[in-house]
Structures are given as C-alpha cells and as structure tokens.
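A.B. asks: Just so you know, the protein sequences line up as chains A and B, in that order.
My numbering puts the first residue of the first sequence at 1, with every later residue one more than the last.
My numbering puts the first residue of the second sequence at 1001, with every later residue one more than the last.
You may find that some hints are simply not true.
Stated by the list, open to error - Pairs of lysine to aspartate or glutamate residues, derived as EDC-like cross-links and limited to a Cα-Cα distance of at most 20 angstroms, are as follows:
#, chain 1, residue 1, chain 2, residue 2
1, A, Lys240, A, Asp32
2, B, Lys1099, B, Asp1066
3, B, Lys1187, B, Glu1138
4, B, Lys1099, B, Glu1121
5, B, Lys1099, B, Asp1113
6, A, Lys45, B, Glu1110
7, A, Lys45, B, Asp1176
8, A, Lys45, B, Glu1356
9, B, Lys1187, B, Asp1149
I should point out that these hints are in silico values taken from the structure, not numbers from a laboratory.
On a predicted model such as this, the values are computed, not experimentally measured, just so you know.
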Amino acid sequence: MSSSPGEELLGEIANEARGLVENGVLPVVYLDELEDSWQAIAADKRALAVAAAASDADSRAGADGSGPLLGAARVAVRRVGSRAKRSVGSRVRSLERASARLAVRYAEELSTRSQVELDRARRLGGSSPVLLRFARVSPVARSYTSLRRVEVVSMDPAIEDLVADRLLRHGVPHVVHAECGDGSLLRRLSEHGLPGEGADPAWDGAADAGRAGETGGPHGEVGGRLQVVRAGALEYLGGKRSGSLGALVLSGITDGLRPSSARALVHLAAGKLRRGGTVAIVSRRPGSLADMDPIGADLSAKRPLRPVTWCHLLSRYGFGDITVHDEAGRAHYAVFATR
Amino acid sequence: MTVPEPRRPPARPVRVDQVLPSIVERDAVSQHTLEAQKVLHSMGFVSEIFAASFGPGLADWVRPIDELPVEDGGRQWLCYQLSIGSPVADVVLAHPGPKIVNYHNITPSELVDAWMPLLGEEVRLGRLQLQELAPVTELGIGVSRFNTDELAGAGYRRVVVGPLMADTSHFRRAPDPERRRLLDRAKEAGGADWLFVGQMLPHKAYEDVIKAFACYLRAFDSRARLHLVGRPSCPSYAEAVRRYVRHLGLDGRVDLAGSVSQSELAAYYQAADVFVCLSSHEGFCAPLIEAMHLGVPVVAYGVTAVPETVVDAGVVLGAKSPELVAAAAHRVMDDSDLRARLVDRGTERAGEFTLEAARRRFAEAVASVLPS
C-alpha cells in the first residue's frame, strides 16, 4: 500500500473493510454477486454495441465545423432537450427533435447573415479614410482593414481555361462571379456569348474597364454586357434572390477565409443557386503559401482551404457531382459541384 | 588546406506550431493545447494549432492538418501533443522542422481492447509512434514524472516535466445555478454525494466506483448519491454501465451525468463530499487536482501517475476492492480531523498546479531547447 497519508490510517481502513465482510454487513456472496453481475453484463459486447448504436442513432445531432454560434445553439438545444425529457417524458421527443433541427437551421441562417453584414462592414471599413487612420493605432480596426485584399490576384490561366470550358460546355444561361478580380473570366465568357455579372471589393470600374480598353459604366458595366459591382462575395450573394443563379464562380475570397466564412459562403451558394446549377470554387493552393514569410503572409487573414474542406462543406449543403482539379505546380485549384 | 566555413548557429524559429490528432471542447489535452498556444504567442512565436478533427466550437481556432505549412531551415518547430496513435504523427515525422513531443501518456491496449478494438489498435500505434518520434525529437515534455519516465524508456534523449495547463480558477466563481439548486435539494434529504469525473471509458473503471458505492450504500449510508460526470466515449461500455446501474437497482442513486458544461461541473464539485477515482490508468488525472482545488477530499486507487499527482493529499489505496473503497470513503467523510487535514493538504497540493505555474514551466521547457 502507498504511504499516504499514513500506513496507520490505511491499516485501519483495511481492518474496517475486513470487518464489514466478516460481520456479514457486506457478505462475500454479495461482493461476488456485484462482480459476477458486472461480468455477465459486460460479456455480451455485441449486444451492448447494437443497443448502444440504436440509442446513439436516435439521439445523434450533426456536428461539424460550423462555428461557435452554432455550437452554442446546439448546446442550448441539448440542454433544453434533456430538461424536457426529465420533466415531461418521451412524448416530447419528436417535438424536441423538430425544434432542435429548426433551432440549428435558424442559428445557421443567423450566422450566415452576420457573415454577410460583416463582409459589408469590412468593405466599408476598408475604404473609410477615418477607419484607415484609426487602424494605425487600433488592432480592432486593423483587423477589419487587413482583411481586404490589397492586390487583385489573377487566376491561374490553366484553371481559368478549365472553368470557362466547363461553364461554356454546360450552356448555363448566366454566370455570376464573386469575387471576380479584374473581371477577366467574365469578359472571356462574354466574348463567347455567355453573359455574366460579378462583384469584387477592390473593383474600380473605370480603371479595370480602361485596362481592358472598354468603357466602364457607373456600376462597372463593360461593353453593355458585363456588370460588376464593388462588393465582397458574401455581401453580394447575400443580396441575391434564392434559387435565382444558374452558375456561380467563387474566387478571391477563397484565398483568405476563416472556416465560419467558408461555411457561410457555401450556405449562400446552396441557397442562391437554382437546382441543377453549377458552382465553381477557385482557390490558391495552400501549399503555395508555404514559401511565403509566415508573418508577412499574415496567415490569420489569408487562409486558403484544402479542396477536401470544400468537398465536405459542399456535400453537407446538398451539392453533388463534386469534382476537384488540383495539379501540383499550379497556383490555383478548382472544385466543381452541382446543386 | 581549406579552412572549413564556421558553422552558422541555428536560427531562432519564427513559428512553433502545435499538432494533435483531435481537439474538442471539455478535454484536458485540448485545453492544454490551447493554453500552450497562448504561451507560445507570449514568447513571440507565430503558433497555430493543426488537427485532423476538431469540435464545432473550435473551428475558428484550429486549422485542418492538411494545411500545416512547411518552413524549412529551422524557422518552424512543431510541438506534437501525443496521447493516442494517429496518422497525424506520420505528418509530424515527415515534417522537416525540429520537434517537441508533449506526452500525455497512452492507455495500455489491454485495458481497452475488449471494448474498443479500434481504440486498441490506435493505442498500440501510439506506443509505436512514441518510439518512432524519439530519434527525431529535440525535447520530450511529460505532464508527470510517470510520463517522462516512459519517454526516457522510449529513447528520448532530453525529457522534462511540464505540468498539464488547466484553468481551475473558474470553478470557484460560477456554478450553474440550476444544477446547484437540484444538487442542494437532493442533499436536503440527507446522504453523502460521491463524485467521479472522467470520460466514460473502460480504463476509468466506472463499474468499480459503482461497486464500491453499492457497498457504501449498504454498509454506511443508504441515502447517498453517486455522480459520474464524463462524456460516454465508448457506446457499448456506456450501455453496460447503464445496465449495471439498472441491474443493481441504483437508478435513483447513481447519476450518469454525461458531459456537462464547466459551470455545471463546478456545481458538482461544490456539492461533492468525496471524490473517488478508481481508474486503472491515468497519465496525470486533472480531475484529482480540480477536486483538491475545490476542497473535496480524494480517495483514489494508487496506480500509474495517480500517487504522484495526489502525493499525501488524499487517501491512496493499494487495491480497489469495493469494501475497501467504501470503508475509505466512509472514513474520509466521518473523521472530521482527517477530512480537514486532507482538504488543507489538497488545497496546498492543487496550489502547486496553478495555471500560471504550469505556463511558466512549459515556457521554460520550450525555451531550454530552442536556439536563442
């Protein structure tokens, strides 16, 4: 026996235990029954596993990387549920499950909306001289402004070919591109007779149209066919009607995401695309960031995801036919899926 | 004759990233990892956490293991939180950066094989990976002497004890009022409250606590209650425990609370009269420290790291026969002098594991091995 907190004490405890058995308070037959009954229950592990699986399937709620708000909502729902079970009984279970689903869906909706509003706030913050000045001394404001892309990153030409080819081949009626950078993909599609529109937080209609030798309209209209507005992807998609899009290309924003923004983005894509619509997600390959200076690259702001993460999110929000085009040596990869 | 170029001293790393197989809420290793990140940030390193899976509430703090960057030339170190076998260890092994292994111990396979064959495979793999990592690791940090002994035995050249970083201070502040009300109401009817906190896994030996509690009910206090708090991580074992409680007719006496919030856990600790731990294997056992911190006397089965964690601040038994544990629990609650002594000594002992002290020791351990 160990020496803590004294051999004498442990000896006294052992004596008392022996006395309980010898005096018949805890007879050997009782102790044997305690042990034997456990062994009997534990022996049939197959039956236990089946029973446990049935019970687990009954109570399991989906859990995935959906952010703290949803996590908290699920915990709250579970807590309410367990209290309800104790006080009212099993009759409320189906109602409870329906409420749980509804609450999770509502929390998801709320989370996505907050991401849309945050995106709008970031765009406004990024262009506000007051906030930019404030940003020099305030970490909070700096986090807003630092999240804006400071340069328009052109899509890898091979990936742009791939996306254009896929959209042209599928003959979609209209393409929406968020965030479209300098609009080169839209311009190219439009040259092949496929009209489109787009948004980009760094869009400067006149300058970009000027670079392309076209005339920029008040909202980035180029050549009368291409429409681009100045907005982030989340903000832009948040303003679209449900089920109104035939094809959606997501890029730019995909290079600098937090996981909860990625969820919101796919959630919005699922809601805004019509059934059968195509989504193309184009992102920098995370490997290409490994060569960059870890502080200079500010990984907390620029965070491209691996294709597998997009696949998980797309399938979670009901997309099918998910394909990944990821080649070593390319700056970008693309993930396609059908609503 | 050519003069060899003087060897450049290794550069101080820019980032020290942490890697672990899985990170979830309300888990000691996960909490430790989050605290370690704060320490690494305070030391001026870029430090992110990479895991193969993570709980929904941690999505904004953790990145998928696939996204682990590779910075060559010693600019990036890895700190691997090792408590189970996982393909993640292969990612760490293949990474060119220098490595620190923070070891939380691995449950022996014979304790889990019968219930969870897959877990059995994982822990066997974990033991193998513990050895594979030894030659490429600069420093092994064990959360107890028991763990550093295992590290040394596995071939780690340099080992140091760095206690588990767990914040226990919040337990004093905010017990869940609803849970506290329910526990207080039950207490009004008389009877002692036994408590054990730990995942519902075979090596935590829930059944042994229940056997001892059944003996205690029969011998000393028929109105007592047993609260078993912890995530049911092995469904078939949890089912067996539920059936055992039912079979013994203890439904109204044994509370299988499952996973609870921190504030609910605080309420459980505050209501407890004794903390009984009969685990067959513990690499450290943070709940023992939590119980001591909150003035709950401890009765524990003295195997693996448990005697080192408790020292003389609890009753550490050399066996866990139910009548012995029942007698020990009774003695701790019935003998007011002994109880007072254990509470005082427990508070002192827990004071040695403050978050600040543990952070400092972790920082010292990391600093001791990094190029300045």
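A.B. asks: Hint by hint, say whether it matches the structure.
C.D. replies: Checked hints:
This hinted pair does not check out: Lys240/A and Asp32/A have alpha carbons roughly 70 angstroms apart, beyond 20 angstroms. Note on Lys1099/B and Asp1066/B: the hinted pairing holds, with a Cα-Cα distance of about 18 angstroms set against a maximum of 20 angstroms. Pair hint Lys1187/B plus Glu1138/B does not hold up; C-alpha atoms about 52 angstroms apart against a cutoff of 20 angstroms. Restraint check: the Cα-Cα separation between Lys1099/B and Glu1121/B comes to about 25 angstroms, which exceeds 20 angstroms; the hinted pair is violated.
Pair hint Lys1099/B plus Asp1113/B does not hold up; C-alpha atoms about 30 angstroms apart against a cutoff of 20 angstroms. Taking the CA atoms of Lys45/A and Glu1110/B, the gap is about 16 angstroms. The hint holds against a cut of 20 angstroms. The straight-line distance between the Cα atoms of Lys45/A and Asp1176/B is roughly 36 angstroms, outside the 20 angstroms bound, and the hint therefore fails. This hinted pair does not check out: Lys45/A and Glu1356/B have alpha carbons roughly 44 angstroms apart, beyond 20 angstroms.
Pair hint Lys1187/B plus Asp1149/B does not hold up; C-alpha atoms about 43 angstroms apart against a cutoff of 20 angstroms.
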